[in-house]
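Protein chains: 2
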Amino acid sequence: MTDDKTYQSVLEAIAFNEDGLAPAIAQQFDSGEVLMMAWMNRDAVTDTLRTGRVCYWSRSRGKLWRKGESSGQKQVLKDFRWDCDGDTILLQVDQTGVACHTGRRNCFFNAARDAEPEIIAEVEIDPGELYGPEKSEK
Amino acid sequence: MTDDKTYQSVLEAIAFNEDGLAPAIAQQFDSGEVLMMAWMNRDAVTDTLRTGRVCYWSRSRGKLWRKGESSGQKQVLKDFRWDCDGDTILLQVDQTGVACHTGRRNCFFNAARDAEPEIIAEVEIDPGELYGPEKSEK
Chain A
1 MTDDKTYQSV LEAIAFNEDG LAPAIAQQFD SGEVLMMAWM NRDAVTDTLR TGRVCYWSRS
61 RGKLWRKGES SGQKQVLKDF RWDCDGDTIL LQVDQTGVAC HTGRRNCFFN AARDAEPEII
121 AEVEIDPGEL YGPEKSEK
Chain B
1001 MTDDKTYQSV LEAIAFNEDG LAPAIAQQFD SGEVLMMAWM NRDAVTDTLR TGRVCYWSRS
1061 RGKLWRKGES SGQKQVLKDF RWDCDGDTIL LQVDQTGVAC HTGRRNCFFN AARDAEPEII
1121 AEVEIDPGEL YGPEKSEK
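Residue numbers (this note's numbering), protein chains in the order written: chain A, 1 to 138; chain B, 1001 to 1138.
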């Protein structure tokens, strides 16, 4: 999917906030599972559309975050959508392995149960296997 | 589901931002469709958990926004979840009618097609029927 398009009209349709960011929801394209939410700037959107692999903006590291570049748990873009106000992005993706840095399939593993927090999903891959002692992501 | 619990430990698990808000993704609980993204503050979370109907914080109106109070297009809460960092909420809901103020089922009706924006969903209910001349929501 690599190409030399500018994606200018898509970028103009998205209302990035005062920090130049928009929240992006990643959803597994076939099952509908909501995997994670992260942030994108203009460069991350362009990189994602150009390569067909999801790239976010890491607010903590202050740089582009090509999902899976450390962990191997990449997201192949299936569809790029945005909402009525243009201020939220919905990425339909095909997730390799697990989306969450904890080693769980998705990040939304906390739930309110009888008014108390409860963890509702198991760790599938040891985070040490994903990143190793030298690596970090997110 | 109305009760007198405080939901304090759930509120403490959520990392509201510097404006006291957290993004909340609403997903149709059975189909997996991502319906919309809006914002919640502590009062909105408490109201949602207490009543079993989704309540957001309207940033534009500066007040609690009980989804459907104007339009009738309410969201019954099926599950309340949050992510690994505690900074994003995932609401599994049963949506009455349409979620989007444009009268579409969900808000994510814009997609990149060959690098250009394209509208991929039809209006299902005339917004004039939802809100009427005197009403507004969102």
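There's no promise every hint is true.
Straight-line C-alpha distance at most 20 Å; calculated SDA-like pairs for lysine to any residue [said to hold, decoys possible]:
hint, chain 1, residue 1, chain 2, residue 2
1, A, Lys78, B, Ile1119
2, B, Lys1078, A, Lys5
3, A, Lys5, B, Asn1041
4, B, Lys1005, A, Ala111
5, B, Lys1005, B, Asn1041
6, B, Lys1078, A, Leu11
7, A, Lys78, B, Arg1113
Hints listed in this document are in silico derivations from the structure and should not be mistaken for laboratory results.
To see whether the hints hold, each was checked on the structure:
At most 20 Å may separate the alpha-carbon atoms for a hinted pair to count; Lys78/A and Ile1119/B meet this at roughly 16 Å. Using a Cα cut-off of 20 Å, the hinted pair Lys1078/B and Lys5/A is violated, with the two alpha carbons roughly 42 Å apart. Between the alpha carbons of Lys5/A and Asn1041/B the distance comes to roughly 40 Å, so the proposed pair goes past 20 Å and is violated. For a cut-off of 20 Å, the pair hint linking Lys1005/B to Ala111/A stands: about 16 Å separates their Cα positions.
Between Lys1005/B and Asn1041/B the alpha-carbon distance is near 17 Å, which keeps this suggested pair within the 20 Å criterion. Restraint check for Lys1078/B and Leu11/A: not satisfied, since their Cα atoms lie roughly 35 Å apart, outside the 20 Å limit. Restraint check: the Cα-Cα separation between Lys78/A and Arg1113/B comes to about 11 Å, which is no more than 20 Å; the hinted pair holds.
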